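Q: Sequence:
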Amino acid sequence: MKKYSRAAHLKTIISLIIVWILIILGVTLRATRADVFPADNNDDSLFYAWAGISFWENPFKPATHSIFEAKNPALIWRSQYRDFIPWERFGLKIVQPWFDHPPLGAAIIGLPAKLLGYQTFEQIPSMIVRFPALAASIFTMLFTYLMAAKLFGKKTAILSLLFLATVPYFVAAHRQSFLENILTPLFLASLLALLNQKLILTGMLAFFCGWIKVPGFSVPFMISLWLWRNKQTKTALLMLLAGLASILSFVGYGIFSGKEAFLYIINQQSARGAYVKSFFDTLTHPHFYGGFDDGLYVLSIILSLLMLTKFKSLKFKFFNWFLSLWLMTIFLVAGRNNNSPWYWYPLIPFFSISLGYYAEKMLSKPNLFLILSFWLFGLTGFDLLKIDLPSNWLRITTVAFLTPFILNIKTLTYWLVRLFLIFLVIFNIYVTINYPTIYCQFEKCPKPVKISLLL
Numbered sequence: 011m012k013k014y015s016r017a018a019h020l021k022t023i024i025s026l027i028i029v030w031i032l033i034i035l036g037v038t039l040r041a042t043r044a045d046v047f048p049a050d051n052n053d054d055s056l057f058y059a060w061a062g063i064s065f066w067e068n069p070f071k072p073a074t075h076s077i078f079e080a081k082n083p084a085l086i087w088r089s090q091y092r093d094f095i096p097w098e099r100f101g102l103k104i105v106q107p108w109f110d111h112p113p114l115g116a117a118i119i120g121l122p123a124k125l126l127g128y129q130t131f132e133q134i135p136s137m138i139v140r141f142p143a144l145a146a147s148i149f150t151m152l153f154t155y156l157m158a159a160k161l162f163g164k165k166t167a168i169l170s171l172l173f174l175a176t177v178p179y180f181v182a183a184h185r186q187s188f189l190e191n192i193l194t195p196l197f198l199a200s201l202l203a204l205l206n207q208k209l210i211l212t213g214m215l216a217f218f219c220g221w222i223k224v225p226g227f228s229v230p231f232m233i234s235l236w237l238w239r240n241k242q243t244k245t246a247l248l249m250l251l252a253g254l255a256s257i258l259s260f261v262g263y264g265i266f267s268g269k270e271a272f273l274y275i276i277n278q279q280s281a282r283g284a285y286v287k288s289f290f291d292t293l294t295h296p297h298f299y300g301g302f303d304d305g306l307y308v309l310s311i312i313l314s315l316l317m318l319t320k321f322k323s324l325k326f327k328f329f330n331w332f333l334s335l336w337l338m339t340i341f342l343v344a345g346r347n348n349n350s351p352w353y354w355y356p357l358i359p360f361f362s363i364s365l366g367y368y369a370e371k372m373l374s375k376p377n378l379f380l381i382l383s384f385w386l387f388g389l390t391g392f393d394l395l396k397i398d399l400p401s402n403w404l405r406i407t408t409v410a411f412l413t414p415f416i417l418n419i420k421t422l423t424y425w426l427v428r429l430f431l432i433f434l435v436i437f438n439i440y441v442t443i444n445y446p447t448i449y450c451q452f453e454k455c456p457k458p459v460k461i462s463l464l465l
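11 is the number of the first residue of the sequence shown in my numbering; add one for each residue after it.
Calculated from the structure, these hints are not laboratory results. Since the structure is predicted, the reported quantities are computational estimates derived from the model, not experimental observations. Be aware that one or more of the hints could be misleading.
Distance condition first, Cα-Cα at most 27 angstroms in a straight line; then the derived DSS-like pairs of lysine-lysine [claimed, not checked]:
1) 165 / 320
2) 103 / 454
3) 160 / 244
4) 165 / 322
5) 208 / 325
6) 375 / 325
7) 375 / 454
8) 322 / 208
Derived DEER-like restraints, expressed as beta-carbon distance ranges [as the list claims (entries may be wrong)]:
9) 25 / 316: 25 to 35 angstroms
10) 148 / 377: 51 to 61 angstroms
11) 127 / 375: 49 to 59 angstroms
12) 379 / 85: 50 to 60 angstroms
13) 19 / 451: 46 to 56 angstroms
14) 395 / 312: 15 to 25 angstroms
15) 270 / 319: 42 to 52 angstroms
Backbone N, C-alpha and C define an ideal beta-carbon position, used for all residues, glycine too.
Model the full structure from these sequences, guided by the hints.
A: Dropping the structure here:
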């Protein structure tokens with residue numbers, strides 16, 4: 011019995027070491043040249059930082075750039091030139107109070123700059139602006155591991171974390187201080203609390219999701235419906251009340267801060283359309299406004315949709331419920347062609363778990379059908395690095411690699427799967443580190459600004 015407990019204890023320690031090594035690897039990759047790439051549309055994060063700094067000065071009078079100009083009663087200043095350096099594509103429209111989004115996410119994004127002494131409307135180095143997203147990614151990775159372990163076991167959880175830490179699209183997405191990257195760990199934390207039957211904590215966490223960004227208001231209702239479907243009617247009602255309280259408290263905040271401006275923004279935001287092509291564009295053109303053709307990101311979406319076909323066991327029902335309802339939320343609010351790809355960021359943990367689940371299946375029982383998917387989608391990093399593989403070489407390599415799977419040579423396929431996944435991880439790390447250099451040779455990139463402490 012003692013030997014068994016010691017072995018189990020040692021196994022737990024090894025698992026924890028592996029988990030934190032992967033989280034450190036993921037954070038390191040995210041922080042490396044985080045102020046260089048993604049370069050497209052990197053201005054939103056600065057606008058959130060300005061809103062956050064002004065929020066800490068007066069929580070009822072946040073001020074920053076707004077995308078809504080015509081007849082906006084909160085507009086206090088308009089830049090003379092539309093091509094306002096360094097954003098180039100925007101004219102600045104400064105509003106106070108700012109209601110484009112709820113204030114909590116912006117307050118978190120602006121906090122490091124505020125603590126370092128920066129003022130509203132100062133040019134703030136991108137690393138300071140993006141620091142909250144990098145910090146949030148630590149919790150996102152940890153909570154993704156914990157949720158995957160709770161639902162599908164530690165092997166799948168470690169593989170899920172491995173993909174989340176290293177897939178180039180996931181890494182680059184987590185560098186951006188968009189509100190979704192602040193919302194994601196809170197969303198995951200509420201799901202973890204629900205899985206562990208800590209319902210009061212679940213309600214508290216879900217309550218604040220909407221205060222980060224409006225789609226987050228759907229989280230308490232997702233949880234309420236899940237509880238209702240599982241015959242927990244009283245708890246479902248309490249979660250429903252938490253959702254309503256979250257919305258009403260935000261409405262109260264808006265009316266108290268500036269009724270006319272708040273109602274104007276509500277009216278403008280409600281005019282957003284829903285379009286049938288939203289999902290099609292994401293699958294055919296992954297991007298951060300600028301294109302980013304990462305095949306593993308597309309594969310992760312496909313495998314997540316495949317997960318939706320598994321609904322007999324409770325663990326799949328739980329996973330698919332929240333995956334499905336967030337997909338529905340995106341469809342309702344994403345706009346034409348899903349031109350705001352960060353709406354998908356809260357689903358990145360689900361995508362990485364899907365990759366981890368099917369990778370674990372492939373490792374436990376190698377087969378042609380799974381390895382073919384990872385082979386076809388996993389090598390797009392060569393294109394990202396502008397490396398053109400000779401066609402004949404690629405054909406020969408593909409046939410040679412897949413032949414043992416076609417012939418079902420088990421001993422050989424066992425090792426080929428493992429070697430290929432190891433190669434894929436190392437290659438993803440290489441692509442992530444080197445892509446900004448390649449990108450900046452062909453596109454305009456921001457020059458990193460030296461950080462000066464203004465304390």
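Q: It remains to establish, for every hint, whether it holds in the given structure.
A: Going down the list of hints, with the structure as the test:
{"no.": "1", "hint": "165 / 320", "in the structure": "holds, 19 angstroms"}
{"no.": "2", "hint": "103 / 454", "in the structure": "holds, 24 angstroms"}
{"no.": "3", "hint": "160 / 244", "in the structure": "holds, 25 angstroms"}
{"no.": "4", "hint": "165 / 322", "in the structure": "holds, 21 angstroms"}
{"no.": "5", "hint": "208 / 325", "in the structure": "holds, 17 angstroms"}
{"no.": "6", "hint": "375 / 325", "in the structure": "holds, 21 angstroms"}
{"no.": "7", "hint": "375 / 454", "in the structure": "violated, 46 angstroms"}
{"no.": "8", "hint": "322 / 208", "in the structure": "holds, 24 angstroms"}
{"no.": "9", "hint": "25 / 316: 25 to 35 angstroms", "in the structure": "holds, 27 angstroms"}
{"no.": "10", "hint": "148 / 377: 51 to 61 angstroms", "in the structure": "violated, 35 angstroms"}
{"no.": "11", "hint": "127 / 375: 49 to 59 angstroms", "in the structure": "holds, 57 angstroms"}
{"no.": "12", "hint": "379 / 85: 50 to 60 angstroms", "in the structure": "holds, 57 angstroms"}
{"no.": "13", "hint": "19 / 451: 46 to 56 angstroms", "in the structure": "holds, 51 angstroms"}
{"no.": "14", "hint": "395 / 312: 15 to 25 angstroms", "in the structure": "holds, 23 angstroms"}
{"no.": "15", "hint": "270 / 319: 42 to 52 angstroms", "in the structure": "holds, 49 angstroms"}
The structure does not agree with the numbered hints 7, 10 stated previously, though it agrees with the rest.
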